[in-house]
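What follows is the residue order along each chain.
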Amino acid sequence: MTSIHFRALTGKVITSNGIPSTGERGMDDREIVIDVRGLVRKYHSTTGVLHQKRRETVAVDHIDLQVRRGELFGLLGPNGAGKTTTIKVLTTLLLPTEGSVQVLGYDAVKQPMEVRKRIGLILGGERGLYYRITARQNLRYFADIYGVPIAIRDKRIEEVLARVDLLDKADVRVEDYSRGMKQRLHIAKGIVHDPELVFMDEPTIGLDPEAARDTRAMTKELVGEGKTILLTTHYMYEADELCDRVGVIARGRILALDTPSGLKALVKDTSVIEVEGFGLTEMDVESLRALEGVRTVAANMGEDKQTMRVQVEDPGGMLPRVAHILEDRKVIGMKVKEPTLEDAYLWLVREDA
Amino acid sequence: MPRLRAATASFRHQASMFLAEPQWLIPNIIAPFVLAMVVLMLYREPSPEAVLYAVLGGGMMGMWGNTLYASGYSIQSDRWWGTVDAIFSAPSPLIWIIGGRTVWNAFIGIVNGLFVLVAAMLIFRTPLEVANFPMFLLAFVLTLLSLAALGMLFSAAFVLTRSAQVLTNGLEFPIYVGTGSMFPIFLLPYWTHPLSLSLAPTWGIDAIRYSALAGYAQGFRIGYWGDMLAMAALSLLYLVISIWLFKAVDRRARRTADLMRY
Amino acid sequence: MSEFARGSLRTFWSSAVLAKRALFAWLNPAMWLMQLFGMSLFQIAFFVYVAIFVNNAEVTIEYVAIGNALQSMAYVSVFAVCNITGEEKNQGTIEGLLVSPANRFSVFVGRAMFQIVNGLATVTIAFLYAALVFNVDFSQANYLGLAVVVLVTTFAMTGFGLMLSSLGLFLRTSMIVANIFLFVGLLVCGVNFPVAYLPAYLRPLSYAIPMTYGTEAARMAVGGAALGELSCPLGAEALVGIAAMLVGYLMFRWFERLARSRGTLDRF
Numbered sequence: 007m008t009s010i011h012f013r014a015l016t017g018k019v020i021t022s023n024g025i026p027s028t029g030e031r032g033m034d035d036r037e038i039v040i041d042v043r044g045l046v047r048k049y050h051s052t053t054g055v056l057h058q059k060r061r062e063t064v065a066v067d068h069i070d071l072q073v074r075r076g077e078l079f080g081l082l083g084p085n086g087a088g089k090t091t092t093i094k095v096l097t098t099l100l101l102p103t104e105g106s107v108q109v110l111g112y113d114a115v116k117q118p119m120e121v122r123k124r125i126g127l128i129l130g131g132e133r134g135l136y137y138r139i140t141a142r143q144n145l146r147y148f149a150d151i152y153g154v155p156i157a158i159r160d161k162r163i164e165e166v167l168a169r170v171d172l173l174d175k176a177d178v179r180v181e182d183y184s185r186g187m188k189q190r191l192h193i194a195k196g197i198v199h200d201p202e203l204v205f206m207d208e209p210t211i212g213l214d215p216e217a218a219r220d221t222r223a224m225t226k227e228l229v230g231e232g233k234t235i236l237l238t239t240h241y242m243y244e245a246d247e248l249c250d251r252v253g254v255i256a257r258g259r260i261l262a263l264d265t266p267s268g269l270k271a272l273v274k275d276t277s278v279i280e281v282e283g284f285g286l287t288e289m290d291v292e293s294l295r296a297l298e299g300v301r302t303v304a305a306n307m308g309e310d311k312q313t314m315r316v317q318v319e320d321p322g323g324m325l326p327r328v329a330h331i332l333e334d335r336k337v338i339g340m341k342v343k344e345p346t347l348e349d350a351y352l353w354l355v356r357e358d359a
Numbered sequence: 367m368p369r370l371r372a373a374t375a376s377f378r379h380q381a382s383m384f385l386a387e388p389q390w391l392i393p394n395i396i397a398p399f400v401l402a403m404v405v406l407m408l409y410r411e412p413s414p415e416a417v418l419y420a421v422l423g424g425g426m427m428g429m430w431g432n433t434l435y436a437s438g439y440s441i442q443s444d445r446w447w448g449t450v451d452a453i454f455s456a457p458s459p460l461i462w463i464i465g466g467r468t469v470w471n472a473f474i475g476i477v478n479g480l481f482v483l484v485a486a487m488l489i490f491r492t493p494l495e496v497a498n499f500p501m502f503l504l505a506f507v508l509t510l511l512s513l514a515a516l517g518m519l520f521s522a523a524f525v526l527t528r529s530a531q532v533l534t535n536g537l538e539f540p541i542y543v544g545t546g547s548m549f550p551i552f553l554l555p556y557w558t559h560p561l562s563l564s565l566a567p568t569w570g571i572d573a574i575r576y577s578a579l580a581g582y583a584q585g586f587r588i589g590y591w592g593d594m595l596a597m598a599a600l601s602l603l604y605l606v607i608s609i610w611l612f613k614a615v616d617r618r619a620r621r622t623a624d625l626m627r628y
Numbered sequence: 626m627s628e629f630a631r632g633s634l635r636t637f638w639s640s641a642v643l644a645k646r647a648l649f650a651w652l653n654p655a656m657w658l659m660q661l662f663g664m665s666l667f668q669i670a671f672f673v674y675v676a677i678f679v680n681n682a683e684v685t686i687e688y689v690a691i692g693n694a695l696q697s698m699a700y701v702s703v704f705a706v707c708n709i710t711g712e713e714k715n716q717g718t719i720e721g722l723l724v725s726p727a728n729r730f731s732v733f734v735g736r737a738m739f740q741i742v743n744g745l746a747t748v749t750i751a752f753l754y755a756a757l758v759f760n761v762d763f764s765q766a767n768y769l770g771l772a773v774v775v776l777v778t779t780f781a782m783t784g785f786g787l788m789l790s791s792l793g794l795f796l797r798t799s800m801i802v803a804n805i806f807l808f809v810g811l812l813v814c815g816v817n818f819p820v821a822y823l824p825a826y827l828r829p830l831s832y833a834i835p836m837t838y839g840t841e842a843a844r845m846a847v848g849g850a851a852l853g854e855l856s857c858p859l860g861a862e863a864l865v866g867i868a869a870m871l872v873g874y875l876m877f878r879w880f881e882r883l884a885r886s887r888g889t890l891d892r893f
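Heads up: the sequence lines are chains A, B and C, in that order.
Quick note on the numbering used here: the first sequence kicks off at 7 and runs consecutively.
Quick note on the numbering used here: the second sequence kicks off at 367 and runs consecutively.
Quick note on the numbering used here: the third sequence kicks off at 626 and runs consecutively.
No lab work stands behind these hints: they were computed from the structure.
Note that this is a predicted model, so its numbers are computed, not measured.
Hints may contain errors.
To be verified - Facing chain B, a subset of chain C residues (Cβ under 7 Å, in silico):
#1 G663
#2 Q668
#3 T685
#4 I805
Ideal Cβ positions, reconstructed from N, Cα and C, are used throughout, including at glycine.
Starting from the given sequences, assemble the full structure and let the hints guide the process.
Put into structure tokens, the structure is as follows:
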């Protein structure tokens, strides 16, 4: 298994030092459960009522990826990057425009039923459950249509409800559930038929910290049981914490695919000058970006306070020059910091723009 | 048998959803009830035969309305709830899932029909005297099944388009007119007859009238059993077309992602 | 113009535009046209053939055709308008609306605007069907009078629909209410037979609905009655329509307060 870095600016594919990386848990010899080659997915939409214009959007633009059994793989990217589309193709909900997709050895296009029997889908959010009936009734329906053997169905439902800690609320209508409870029910629904491979699309979005933490803990548990998980997220700390490998995706393309440490290595010889101030403007950000020696700048322009993360290779040399540009501004702090996965991500995504 | 199981699960699921909100039956009861009342008011002093005629027609409209309405809403409500992905990614073919729901909807249509029957009987104080009860029951059940088959056909179309609601409302009156639920189809222009006769309920209401109304003289010349045969044949045809349509729909939905958007 | 009025007018207008756009967002124009041209035809046909079959001397084809032609707007003005609250609830936009500083009622009225135009178009087409397909005799007709009848009835029934829509703010669903009134109208508004046929206890209901006056006036207009003669039923209709809107507005305010205290807004 090799780590692949796409040098964003030149478009060339570079492998790191030629020696295959085994990832953080040494999975080189495990079978490949997801095999995607050259995946392209285009959407056609029409706008306007009288003069209809056809517009083609390329949501996924030639993606390759392989996921091995037992791996926790993350697709990390901003909104609109193509994560959800990719998951929908992998789960047979969408057909690819081009490319081949093999899931658990079956062709997702030609053998969708075989794929569906073995995968679980956890989409999360407010929608995706029947509100007017109880959790148990929801699970019974899904268990039936996903093919849980009748003999063990009810027992399995009890197990799964206990596992997500919803047993005492199992006979309450879902419309009365809190957001966190609904999320737990989503998880229950996704694993009720004990799939080998589970897809999770932004599982912690909109959850409070405690619920999010519980979700992540459950994800780790599932992998511990031998399941393979592909999750999408736009939270870098989540990818960092959970994933064996992360694919950074933006504008339909994979910019980098590596372990979290491997990705951090992209920025390993850099530092970040973190600037906090008042009254900083976009113009300041642009001036810093234009500065030679600055790799990239990520800015958080709040109404009251602004923070910027300026990636540089030589913090010692760059610090005075950054300070010089900002000398007329109200800067309350300027610190040199170690780069995080977020910086690697920001660099990849920004430089690709 | 996984497919049959998906169907029975969907039947049971539809029942739970219905029982959670039974007030949705009301719109389906109102329409045929009111229409039957209008007809009877026009008679001023309807004969028992006229009452029975109108009541049977009302019952038929109720069953039909429910099938149409529910088939249309079936996948639309999945769109609202966001459960389309879950249904679509299940290893059971969509047609069995929709099929199970359609059977329940047809079954509930009986409640509809019965309500109209009982209400009209009470208001007009005429007892319901059916000429030949076993034949009536048979015709009734077969009509119900043929409606379920027709509902499947419509479901396939509704899966594809988000405009299911418009179609559902838009088809209501055409079907009432076309199937001759309240008047013989011979009153309609002759060139509409092939259309009417391609709808199983048209034969169904005729068979029901043959079995319920003594001395029913305005029926189709092929008589009761001819009607039953026609209904069975048409129902089979609807099922065959549905199977084909659902396959095409599955393919198309996966290609264009139309299913997902609300 | 006062600040309040100007603000309301702006809200009103943008809601109308939103209604039109939203309508085309989830129907394509072909569907809308199908609905526009198809529904009234079959509704009139149904009752015409029933009338032929029943063969009641007092209730002619003309009687039924005119009544249903006018009533064809009900689907648009009552049903669609009544569903405005339902739709907003379904899309989850109702909280956003109610917390806005905009005059809430004018939002709903603005959305109803589009339905008014839709209703007028529907009725016009329906009368064309009555004349061309069902051979209703328009030779003596007072076209101007008929146009006035259609206008007054459309506005009055939309007002009635708005009143029903206020109920939807509180009820679980306004669809059921809308459905009931849509069909009840066929029974009690003199659409298919004279109100006199109805039992005495139902007649007050007939006269509380603007359409009842409308159908009477429509038949008079087609028969050649002058505007002066029409002013009586039309005046009554307008009054009933305005009264309905007032009741609707009051109910709206009351239900809004009630819904906020009881918390039923966040349920579908």
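Legend entry - Hint check, failures only: 3
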